[in-house]
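A.B. asks: Each chain is listed here by its residues.
Number of protein chains: 2
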Amino acid sequence: MQWLRSVFQDELDSVTSTLVELSNLVSDAIEKATHALLTANLEEAESVIAADDRVDTVQHDLDSRIIDIIARQQPVASDLRALITALRMSADLERMGDMAHHVAKITRLRHPQGAVPSELLLTIEEMGKVAKLIADKAGAVISSRDIEKAVELEKDDDEMDKLHRKLFTTLLDDSWSHGTETAIDITLIGRYYERFADHAVSVARRVYFLVTGKFSSEN
Amino acid sequence: MQWLRSVFQDELDSVTSTLVELSNLVSDAIEKATHALLTANLEEAESVIAADDRVDTVQHDLDSRIIDIIARQQPVASDLRALITALRMSADLERMGDMAHHVAKITRLRHPQGAVPSELLLTIEEMGKVAKLIADKAGAVISSRDIEKAVELEKDDDEMDKLHRKLFTTLLDDSWSHGTETAIDITLIGRYYERFADHAVSVARRVYFLVTGKFSSEN
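Going down the list, the protein sequences come from chains A and B. For the first sequence, the numbering used here gives the first residue as 192, with consecutive numbering after it. For the second sequence, the numbering used here gives the first residue as 192, with consecutive numbering after it.
Same shape as in the complex, but just chain A (with noise of 0.2 Å):
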């Protein structure tokens, strides 16, 4: 039994590997969604779309050897607990790289043209900054199961959801000239982020959870 419990460890331990290579490919993922729509560069965009084929894989690949741990392993309690929130915390950094992917779009769409006005340049630029910050440290959560670092990332969540706030400040003010395109563009491109922080932030509670039991948002 000590034997099958250490085969067992392991798996658990290339799961939450799994995890922190997805978690850093989607923080490069945005990083770099995030450079070609401030660039308007269409390869670093291409590139963003080309490499979510590769999150989507390793995260199907992922939640195949999860199942196949529990059917193997039958695990009960805290075990089974912390398998099925690894599938949930996949599902999230997936769709993290989703929205780096839907950023990449918006850049390739409106190429040779930027679609971000010089006014937003810096408030996203900010946005990718937070948004990147905040992917790594879902994968350092992942990693060392860290219950206040697992808080910080609802107070950089709120960081994002003010620069959020701020795009629309400059959308909605009288002085602005680009049009309902760019308006259409922007606001997609601001929910993208902001969801890209949501699902870090749910990646981060889900460990909160595991950890302790009890919800972080309660704090």
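Honestly, the hints are just simulated from the structure, not real lab data. Treat the hints loosely; a few may be bogus.
If chains are identical, the list can't say which one is meant, so a pair holds when it fits in one copy or spans any two.
[What the hints assert, rightly or not] Taking lysine-lysine pairs in the DSS-like style, the calculated list, with each CA pair at most 25 Å apart, reads:
id, residue 1, residue 2
1, Lys357, Lys346
2, Lys346, Lys296
3, Lys340, Lys353
4, Lys405, Lys357
5, Lys296, Lys405
6, Lys340, Lys296
7, Lys320, Lys405
8, Lys357, Lys296
9, Lys320, Lys357
Given chain A, work out where chain B should sit, using these hints.
C.D. replies: What follows is chain B alone, placed relative to chain A:
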């Protein structure tokens, strides 16, 4: 064992019933949210917002129940796969509830004004109808495991995509005179209906895969 198997089957059936219940709740929610949006009906919008708590509670209880069944019954192969799929479908349905909630929140935000300009009322009414139809069909696919109906949902979703594009065509027409705020609202509303339908399609695809072992999008 015969008896055990039968208890297990009852549990699976009860999971299916709850998924159907969830699909009914979100079908109701999107119908009411659409009606509230088109008629600027604050009371109805509030009722959709309040009802989303019920969706969340039903989903939360269902997920606990599914995990408990896995822990106690230790199913393998197709039974385990069905339970994991049920977890994913419950997440899709919960998210559909969120989308209806988001639509209702825009109604509340703009009240007593209507959020939708008159030339878009019909398109959004149509999106609401397709959304409700697709939620109802998703519920029927869950309970019947009818593969043909599951494939139908993909076509209904094409209809939703067509309506979504029509929305943007109107927004981008030179005659658009409703300003940026309304353009933002309509962009988000369009996205909410599109995502609602996407999650319903995802439910249908999951059932398709469970029954056939193939992805329906490979058709």
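A.B. asks: Against this structure, judge whether each hint is valid.
C.D. replies: Cross-check of the supplied hints:
{"no.": "1", "hint": "Lys357 x Lys346", "verdict": "within (17 Å within a copy, 38 Å between copies)"}
{"no.": "2", "hint": "Lys346 x Lys296", "verdict": "between (29 Å within a copy, 24 Å between copies)"}
{"no.": "3", "hint": "Lys340 x Lys353", "verdict": "within (20 Å within a copy, 43 Å between copies)"}
{"no.": "4", "hint": "Lys405 x Lys357", "verdict": "neither (33 Å within a copy, 45 Å between copies)"}
{"no.": "5", "hint": "Lys296 x Lys405", "verdict": "neither (38 Å within a copy, 28 Å between copies)"}
{"no.": "6", "hint": "Lys340 x Lys296", "verdict": "neither (32 Å within a copy, 31 Å between copies)"}
{"no.": "7", "hint": "Lys320 x Lys405", "verdict": "neither (29 Å within a copy, 39 Å between copies)"}
{"no.": "8", "hint": "Lys357 x Lys296", "verdict": "both (23 Å within a copy, 20 Å between copies)"}
{"no.": "9", "hint": "Lys320 x Lys357", "verdict": "within (15 Å within a copy, 34 Å between copies)"}
Hints 4, 5, 6, 7, counting from the list given before, are not met by this structure.
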